[in-house]
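Chemist: Chains as they are written, first to last, in our numbering: chain P, 1 to 191; chain H, 1 to 191.
Just so you know, these hints were derived from the structure itself, not from any lab.
Please read these numbers as outputs of a predicted model, since none were measured by experiment.
Even glycine gets a Cβ: it sits at the ideal position worked out from N, Cα and C.
Mixed in with the good hints there might be a few duds.
Some but not every residue of chain H turned toward chain P, in silico, with C-beta under 7 Å [said to hold, decoys possible]:
no. : residue
1   : THR39
2   : TYR57
3   : ASP72
4   : VAL73
5   : ALA100
6   : SER102
7   : SER151
8   : VAL152
9   : SER159
10  : GLY169
11  : MET170
12  : ARG175
13  : LEU176
14  : PRO178
15  : VAL180
16  : TYR181
2 protein chains.
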Amino acid sequence: MTPERYARLRAVLDRRQPDLTIITDNVHKGRNLSAIVRTADAAGIAEMHAVIDDKDYKAFRGTAMGSHSWVDVQRHPNITTLIQQQQAAGYQVLAAHLDADSVDYRQPDYTRPTAVLLGAEKRGVSAEACALADAHITIPMMGMVQSYNVSVAAGIILSEAQRQRAEAGMYDQPRLAPAVYQRILFEWAHP
Amino acid sequence: MTPERYARLRAVLDRRQPDLTIITDNVHKGRNLSAIVRTADAAGIAEMHAVIDDKDYKAFRGTAMGSHSWVDVQRHPNITTLIQQQQAAGYQVLAAHLDADSVDYRQPDYTRPTAVLLGAEKRGVSAEACALADAHITIPMMGMVQSYNVSVAAGIILSEAQRQRAEAGMYDQPRLAPAVYQRILFEWAHP
Ligand SMILES: C[S@@+](CC[C@H](N)C(=O)[O-])C[C@H]1O[C@@H](n2cnc3c(N)ncnc32)[C@H](O)[C@@H]1O
Ligand SMILES: C[S@@+](CC[C@H](N)C(=O)[O-])C[C@H]1O[C@@H](n2cnc3c(N)ncnc32)[C@H](O)[C@@H]1O
């Protein structure tokens, strides 16, 4: 490990956001999940949460981005329990979902502890998850097609979260708890 | 064709932006190009431009989104000529590219006639194309990974273009030339 590399790891950890995360509700294509992980890293997300079946999880771990990732992807068996856990921990859960009561994705305050919930490629966010979410957010679309690829939707929503957090100075000083910071630094420096 | 369907086609054409486009410089994976086309449709782009070799173009046309698309994808043999043509037609060409002189992607005025230039998965935007572009734009990244998937980058940049154009009222009344409007309406209504 060169000193430059070590400094780079620290600079990235200095910008990690312990209170911003992604939840995927049965996003099953490995390449979509990989692109979401890559985008989460870019927004400073340290840990994300996936409900995904065994076969799809295996395929995802086999992809280049899945096998060695800078974001900790936690697997969960049940979307309902997962959302309730996040809410109990103080997160607002924003379901990316087109609905009568959806608000524009730029409207929420992303400087609050926030979990962005993304749905499956075909089925979208499940009904149980939609019912539990604190709000439904939607990216306006001007064309014929009714939805974005899920990883593109993740990128657009996270770019807004990042914009708000940058404006609020949330990338300007370390925000991870010292113990978490040191644990991740150790893992990254000793792969 | 139901009256509702016909009205929907017209509503989409009413929002098409004749002076906003995408140029892809050897983006070769069919699924990336498909996701870019889907995202272009969402921003109201009517026509985009691709420099792509025969084999990759065939694979792209074989994908679900490639075979029937709402966006006209024009193929070009040469990136230099293509960029010069666009500039001669009055477009600013913005290369999505990380460079010393890059500006934040939110800085340009996207209400001007604009072509967003995207680079290949591995190689990025070619040196010739970078040299010709009017500006280099970059999406700030806070993490370890150095670039987004190209279709995610397209989504983030086009969401900003769309935001600026929506604010300027550019989706509020038809902007296609009447002859173009009628031609596309006829094609869409008689597939
Ligand atoms: C391909 S879409 C699923 C479409 C599905 N047919 C539906 O109606 O929900 C996959 C996921 O991407 C996200 N997404 C796609 N387009 C979106 C948009 N315009 N606004 C908000 N989220 C979007 C949502 O999380 C969605 O569940
Ligand atoms: C995977 S990237 C190519 C990375 C390549 N190694 C390079 O250094 O250019 C594919 C394309 O996505 C776009 N892109 C990805 N991340 C970007 C960012 N942060 N800012 C601007 N464009 C980006 C660019 O057009 C780039 O050429």
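Chemist: For each hint given before, does the structure comply? Return the numbers of the non-compliant ones in rising order.
Modeler: The structure breaks hints 2, 3, 4, 5, 6, 10, 11, 12, 13, 14, 15, 16; every other hint is satisfied.
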